[in-house]
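*Asks:* Those protein sequence lines, which keep their order, are chains L, V and A. The opening residue of the first sequence carries number 108 in the numbering used here; numbering runs sequentially from there. The opening residue of the second sequence carries number 9 in the numbering used here; numbering runs sequentially from there. The opening residue of the third sequence carries number 11 in the numbering used here; numbering runs sequentially from there.
If you are wondering where the hints come from, they were derived from the structure by calculation, not from laboratory data. Incorrect hints may appear among the rest.
Unchecked claim - For the chain A half of the interface with chain V, some residues (derived, Cβ under 8 angstroms), not all of them:
hint, residue
1, Val83
2, Leu119
3, Ile169
4, Val173
As the list claims (entries may be wrong) - To give a feel for the contact side, a few chain V residues facing chain L, derived at Cβ under 10 angstroms:
hint, residue
5, Leu169
6, Val172
7, Trp232
8, Ala293
9, Leu295
10, Gln297
11, Asn299
Backbone N, C-alpha and C fix where the C-beta goes; we use that ideal spot for every residue, glycine too.
Letter by letter, the chains look like this.
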Amino acid sequence: MEFLVKVIVFLPLIACLIAGFAGRAIGDRGAQWVTTLGLLVSAVLSWIVFFKVGFEGAGGTFRVATWIVSDTFESAWSLRVDTLTAVMLIVVTTVSAMVHLYSIGYMAEDPGIPRFMSYLSLFTFAMLMLVTADNLVQLFFGWEGVGLASYLLIGYWYERPSANAAAIKAFIVNRVGDFGFALGIFAVYMLTGSVQLDAIFKAGPELAAMNFEFLGVQVPALTTICILLFIGACGKSAQIGLHTWLPDAMEGPTPVSALIHAATMVTAGIFMVARLSPLFELSQTALAVVTVVGASTAFFAATIGLTQWDIKRVVAYSTCSQLGYMFFACGVGAYGAAIFHLMTHAFFKALLFLGSGSVIHAMHHEQDMRHMGGLKDKIPQTHWLMWIGTLSLAGIGIPLILGHGIGFAGFHSKDIILEAAYGAHSGVGFYAFWLGIAGAFMTAFYSCRLMFLTFFGRPHDHHHYEQAHESPPVMLIPLYVLALGAVVAGFAGYNIFVGDGWEGFWRGSIAMEGSREALHHAHEVPWLVKVLPLVMGVAGIAVAWWFYVGSRANLPQMMANAFPALYQLSYRKWYFDELYDFLFVRPALWIGGQFWKKGDVGIIDGVGPNGLAAGAARMSRILGRVQSGYLYHYAFAMLIGVALLVTWYMLSRGQ
Amino acid sequence: MDGLHNWTLAAPEIFLAAAAMILLMIGVYRGERGADLVSSLCVASLGIAIFLVLRLEHGTAYHELFLVDAFTKMMKVLSLLAAGIAIVMSRSYFVLVGVWRFEFPVLVLLATLGMLVMISANDLMTLYLGLEMQSLALYVTAAFQRDSERSTEAGLKYFVLSSVASGMLLYGASLVYGFAGTTSFPGLARGFLAGDVATGAIIGLVFVLAGLVFKISAVPFHMWTPDVYEGAPTPVTALFSVAPKIAAMSLIVSVVMGPFRPLLAQWQQILVAVAVLSTIWGAIAALRQENIKRLMAYSSIANMGYVVLGLAAGTEEGVRSVVIYMIIYLAMNVGTFAVILSMRRKGVMVERISDLSGLAQRQPMMALALLLFMFSMAGIPPLAGFFAKLNVFLAAINAGLYVAATIAVLASVVGAYYYVRIVKVMYFDDPAEAFDRPVERDMAVVMLATALFVFPVFPVFQAPFMNGAQAAAKTFFSGR
Amino acid sequence: MIHALAFYVFAAVTVVSAFMVISARNPVHSVLYLILAFFNSAALFLLMGAEFIAMILVIVYVGAVAVLFLFVVMMLDINIAELRQGFLKYLPIGAAVGIALFAEILLALGAWSVSPVAAGSLRAKVSDVPNTEALGRLIYTDYMFLFQAAGMVLLIAMIGAIVLTLRTRPGVRRQKIAAQIGRRREEAVVLVKTRVGEGVSS
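With the hints as extra help, turn the sequences into a complete structure.
*Replies:* What follows is the structure, encoded as C-alpha cells:
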C-alpha cells in the first residue's frame with residue numbers, strides 16, 4: 108500500500124524531470140511516452156488504491172521524509188491516504204492520464220513538446236502532493252506547486268502577449284487568495300501550535316470557543332480561520348470576486364484548460380474545504396458564507412456563460428458556475444455530494460473541454476463560435492461525444508425510478524446537491540437552492556447553445572469548414588474514456604458517495620455529523636424538488652433549440668436588443684474586469700509608477716546609486732586634476748597632510 | 009651587557025647581506041651573462057632566508073635594537089615571499105626591454121634586507137636605517153630602465169618625495185626623543201605608561217607616522233603612487249605594490265601597537281582619518297583610470313586604507329585582520345601583476361585597460377584568473393578578498409568605529425565598480441588583438457598558484473591562516 | 011654668562027643663515043650660507059662639550075658635502091627666476107600651512123619637559139671618558155648593528171650610483187692591465203735580420 112501510494116505520487120515527478128531535463132536527449136516522442144506512460148501507470152494504481160481504501164478500509168499516513176523541524180513546529184513530508192484522498196487520486200490521475208494522451212495529438216505540431224509534457228507532469232505531481240497532504244504546510248506546498256504549474260502552462264505560448272498577461276493575472280489573483288490561506292495557516296498554528304491535520308481537528312472544539320483580538324475588536328477565532336482559509340479556496344476555485352483569472356486562463360493550450368482549469372486544480376478549493384470540514388463544521392457563520400458565495404457564483408457565472416462567443420470561455424464560465432454548486436453543497440454540509448459532483452464534473456467537463464479542443468483542432472485553432480456551425484457531419488464522433496458531456500452537464504436523467512433515478516453523471520450529482528440545499532431548511536439553503544435551480548436552467552441553455560452554434564446550422568466560415576477533419580484516434584480515445592465516466596460515474600457512484608453506503612465509504616475522512624444530517628434531509632425532500640432540476644434542464648435545452656435552431660427569426664439578437672442592459676451586463680461579465688481595472692489595477696499601476704519614477708528613480712536612484720555614481724565621477728575628475736604630476740605639488744600635499752593631521756590632533760585634544 | 013648577545017637572531021639578515029655581496033661579486037665577474045644565474049641564486053637566497061626566519065627563536069638582540077617574535081616572523085616570511093615572486097616575474101620583462109642585468113635581483117635582495125630590518129626594528133634608529141636601506145634600493149629599481157624617461161622620472165619622483173617623507177620621519181623621531189628621552193621602543197612604552205605624555209611627543213608621533221604612511225601610500229601621502237607605479241618598470245611596480253607595503257605596514261603596527269600603544273586614543277583618530285581618506289580617494293580617483301598600472305596604484309591606496317582601518321581598531325582582532333589582509337593582498341596583487349606582465353603584443357608591453365577587451369575569448373584561463381583577482385579585490389564572496397575585508401570591518405565595528413566602517417564599506421562599493429569594469433571589458437567587449445602566446449611559464453605558475461589561493465584555498469582552508477595571524481597578533485597583547 | 015651669550019649668538023646666526031639659505035637669490039650664496047650655518051652648529055656642539063662631533067661636522071659637512079653642493083650648483087646653472095615663478099601664487103597657502111605647523115610645534119615645545127624616565131635610559135656617561143671614546147663605544151659596540159646597517163645603506167647607494175650611471179660605450183679603447191702585464195717578449199717583438207739597402211718586408 109505504502110509503496111503503491113509513493114509510486115502514484117512520485118512517478119509523475121520522475122516523468123517530469125526526465126522530460127524536462129532530458130527532453131532533448133529522448134526527443135519529442137520519448138518525452139510524450141515517458142510522461143504519458145507514467146501517468147497511465149499512476150492512474151491504474153490509483154484505481155487499485157481507491158478500491159482498497161474505499162471498500163476494504165485500507166489507508167493511513169505514510170511518512171516520506173522529515174521536512175521542517177524547528178522548535179515546536181514540525182512539518183513532516185507524509186502522504187495521507189483516506190477515502191477523500193483516494194477519490195481525488197483517481198480523479199487527478201485519470202483525467203491527467205487522458206489529457207497527457209490527448210496532448211500527444213493536440214500538441215503534435217508544437218515546437219516545445221518536452222517542455223509541455225514536463226509541465227503537465229509537474230502539475231500532476233503538485234496536485235498529488237496537495238491531495239495527499241497530511242498537514243497544512245504540505246497542503247500549501249502542493250497548492251503553490253499547482254499555482255506555479257498553472258502559471259507556466261497558461262503562459263506556455265510565451266511569445267503571445269495575451270498569454271503572458273493571462274498567466275500573470277492568474278498568478279496575482281491567486282496571490283490574493285493565497286494570502287488569506289497563509290493567514291489562516293498562521294492563525295491555526297498560532298492557536299493550536301500545530302499544522303498537523305489530526306491535531307487541528309482534535310483542537311477544533313477548543314478553537315470554537317476562542318476569540319481573536321483584531322484592531323481592538325474581539326472576533327471568534329474559528330470563524331475567522333475558516334473564512335481566511337475559504338478565501339484561499341475562493342482564489343484557487345475561482346469563486347465570485349476572485350474568478351477573473353479563470354476565463355483568461357483559457358489562453359493556455361486546451362488540454363491544459365481541461366486538466367487544470369476544469370477538472371483538477373480549480374477543485375482544490377473544494378477539496379480543501381472538504382478536507383477541513385471538521386473545522387468548518389464548527390462554525391455556522393463560515394458555512395453560511397461558503398453557501399452564499401458558492402450559490403452566488405453558480406448563478407452569476409451561468410449568466411455570463413449565456414452570451415459569450417468564445418467556445419472555451421463558455422466552458423470556463425460553466426466551470427466557474429459548477430464550482431459554485433460544489434461550494435454551496437459544502438456550505439450546507441453535504442461534503443460527500445460536493446466531492447461526488449467534483450468527480451463527475453471532472454469527467455464531463457474534461458470531456459467538454461477536450462471535445463472543444465477537438466473542435467478547435469478541426470477548425471485550425473478558431474475559437475469563436477460565430478465562425479463555426481454545421482460541424483456535426485464533418486466531425487461526427489466529436490459531435491456525439493460532446494453531446495454526452497453536454498447532457499451530463501445539463502443534468503439530464505429520469506428521476507424517481509430505480510430508487511434514486513437514472514441518468515447522466517451530472518444528473519445524479521447536481522440533483523443531490525440541490526436536494527441537500529433545499530433540505531437544509533435554512534435561509535441560505537433556500538437562497539442556494541433557488542439560485543441553483545436558475546443556474547440549472549441557464550446551464551442547460553448555454554451548453555446547448557454551444558452545441559447548436561457549433562454543430563448545427565449553416566457553416567459560417569467555409570474555408571475552415573471545408574478543411575475541418577476528425578481528430579486522430581490518440582485524441583479520440585481519451586474522449587471515449589471520459590465519456591464513459593460522464594455516463595456511468597453518477598449512477599455507479601451515487602450509492603457509495605451519497606446513498607446508503609456513504610458512511611462505510613467515507614469513514615471519517617469528511618465531517619460525518621454534518622453530512623449525516625444534510626444527506627438525511629436531502630433524501631427526504633418532496634418529489635417536486637427532485638423533479639424541478641430536470642424540468643429546468645429540459646426547458647433550457649428546449650429554449651436553446653428554439654433560439655438557435657428552431658426559429659427562423661434571429662431571436663438571440665432580438666433578446667439582446669430588448670434587454671440591452673441585461674445583455675451588456677452578461678456580455679461584459681458583470682463589469683468585473685472593468686471594476687477591478689478601475690479599483691485596483693490602475694491605482695496600483697499609478698502608485699507603482701509613482702514609486703518607480705519619483706521614489707526609485709528620483710529619490711533612491713537619484714540620491715543613492717546614480718547620485719553617488721555621478722558624485723563619484725565628478726569627484727574622480729577633481730582628484731584627477733590634483734594628480735598634476737608636479738613634484739612640488741606632491742611634496743606640498745604631504746606637508747598639508749601633516750599639518751592637517753597635527754592640527755586635527757591639537758584641536759580634538761583641546762576638547 | 010654584551011652587544012653580541014643573541015646575535016643569531018639576525019641570522020636571516022646577516023645571511024642576506026652576505027649573499028647580496030657574494031652575488032654581486034659573481035655578477036661582476038660573470039658580466040652580463042651572469043644575470044640569470046644571479047637571479048636564480050637570489051631567489052634561492054630568499055628561500056633560505058625564509059627557512060632561517062622560521063627557525064628563529066623569539067627575543068631581542070643588540071641592546072634591544074632588534075626584535076624577533078611571532079608577528080615579525082610572519083611579516084618577514086611574507087616580505088621574503090613577495091620579493092622572491094617579484095624577482096621570478098621580472099626576468100621576461102627586463103629581457104624584453106633589454107636591461108636584464110644582474111644588479112636588479114641583487115638590489116631587490118638588498119631592499120628585502122632593508123625590509124627585514126624594518127620589520128624587526130625595536131628602536132627608532134633601527135627603524136630609520138631599515139627604512140632607508142629598503143628605500144634606497146627601491147629608488148634604484150624604479151629608475152632601473154634608465155634609458156626610459158618615464159622610468160627615470162618615476163625613480164626621481166619616488167626618491168625626492170621619499171626623502172621628504174624620511175625627513176618628516178626623522179624630525180618626528182627627534183621630537184619623540186626630545187620629549188621621551190629615548191629611542192628604544194620598550195623604553196618609550198615605559199615612559200608613556202608612566203604618565204603625563206607631552207604634546208610634543210604626540211606631534212613627533214604624527215610626523216613619524218607620516219613618514220611611514222608614505223611608504224604604504226595612504227592618503228594624504230599617496231601622491232607619488234600613481235606616477236611611480238605607472239612609470240616604473242612593471243615588475244618593479246609589482247614589487248612596490250606588495251613587499252614594501254608589507255614591511256611598512258608591519259612597521260606601523262609595531263610602532264603604534266608597541267611603544268605608542270598607551271597613546272591609543274591619540275593615534276587612533278589619526279589612523280582612522282588616514283584610513284577613511286584612503287579608501288575614498290582610492291575608490292574614486294580610480295574610476296577614470298585607463299592605465300591598468302595606474303589603476304592598481306589607486307587600488308593599493310584603497311586597500312591600504314582598509315588595512316589601516318583594521319589597525320585603527322587597536323585590538324588584537326584588528327591586528328589579526330591586518331595580517332590576514334596582507335596575506336590575501338599579497339596573493340591578489342601578485343596574481344594581478346602576473347597577468348599584467350603577460351599583456352604583451354608582438355613583444356611590446358601594453359598596459360591599457362582596453363587592451364584586455366574580449367580576453368575571455370582569446371585566453372579564457374588568463375581571463376578567468378584575472379576575474380578571480382578582480383572579484384576578490386572587489387570583496388565578492390566567497391573569494392579570499394571578501395574575508396580580508398570582512399575581518400577588517402568586523403574589527404573596526406567591534407572597536408566602535410561605526411562611522412569609519414560604514415564609509416569604508418561604501419567606498420568599497422564604489423571601488424567594486426572599476427574592478428568589475430575590468431571583468432566586463434574582458435568578458436563582454438569585442439575582442440582586441442590577442443596577446444603573445446604562450447604565456448611565460450613563470451607567469452602562468454604564479455597566476456595559477458595565486459588564483460588557486462584566492463579561490464578555493466583560502467576560503468576553504470582558513471584555519472591555518474587565521475591561527476597564524478592570531479598568533480602574530482597575540483604578541484602585542486600577551487607581553488613580548 | 012659668557013656661555014649663554016655665546017649660545018645665543020651662535021644660535022641666532024644659525025637660524026638667520028638657515029633662513030638665508032632658502033631665501034637667497036643666488037644659489038651660490040645659498041650654499042655659502044649653508045656653510046655658515048654648519049659652522050655655527052659646530053660651535054653649538056662645542057658649547058655642549060661635544061668637540062668630536064663639532065669637528066666631524068666641520069670636516070664632513072663643510073669640507074665635503076657643502077663643497078660638493080657648490081660644485082653641483084655651479085655646474086647646473088639653475089635659473090632662480092624661473093623657479094620662483096609660482097612663488098607668489100603659492101605664498102598665501104604655503105605661508106598658512108607653514109605658520110600653522112610652526113605655531114603648533116611652538117605650542118608643543120612650550121610645554122617641554124624631560125620625561126621622568128629619560129635620564130635612566132641614557133647610554134653613555136659623558137663625564138667618565140673623553141667623548142670620542144664614548145662615541146666609539148656607542149657606535150662600535152652598543153650600536154654595532156646600526157653601524158653595520160648603515161654600511162649596507164652606503165653599499166646600496168654605491169651600487170645604485172653605478173647601476174644608474176655606469177655605461178660601457180662600444181668602441182671605447184680601454185686599458186687591459188692584466189693583458190699588458192702578462193704580455194711576453196715573444197708576442198711583442200720580432201727580430202728581423204735585415205740587409206743593408208733592402209728594408210724590411212714580411
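*Asks:* Now tell me if each hint is right for this structure.
*Replies:* How the hints compare with the structure:
Interface restraint check: A/Val83 against chain V, minimum CB-CB distance 17 angstroms, threshold 8 angstroms, status violated. Among the interface hints, the one on A/Leu119 holds; its C-beta lies about 6 angstroms from the nearest C-beta in chain V, closer than the 8 angstroms criterion. Nearest Cβ of chain V to the Cβ of A/Ile169: about 6 angstroms, under the 8 angstroms cut. The hint holds. At a threshold of 8 angstroms, the smallest CB-CB gap from A/Val173 to chain V is about 5 angstroms, leaving the interface hint in force.
The beta carbon of V/Leu169 is positioned within 10 angstroms of a beta carbon in chain L (closest approach about 6 angstroms), and the interface hint is therefore held. Checking V/Val172 against chain L: minimum C-beta separation of about 5 angstroms stays under 10 angstroms; hint holds. About 6 angstroms separates the beta-carbon of V/Trp232 from the nearest beta-carbon of chain L, less than 10 angstroms, and the hint is met. Nearest Cβ of chain L to the Cβ of V/Ala293: about 4 angstroms, under the 10 angstroms cut. The hint holds.
Annotation: interface hint on V/Leu295 holds; nearest CB of chain L at approximately 4 angstroms, less than 10 angstroms. Interface restraint check for V/Gln297: the shortest CB-CB distance to chain L comes to about 9 angstroms, inside 10 angstroms, so the restraint holds. Taken as an interface hint, V/Asn299 does not check out: its beta carbon lies about 12 angstroms from the nearest beta carbon of chain L, beyond 10 angstroms.
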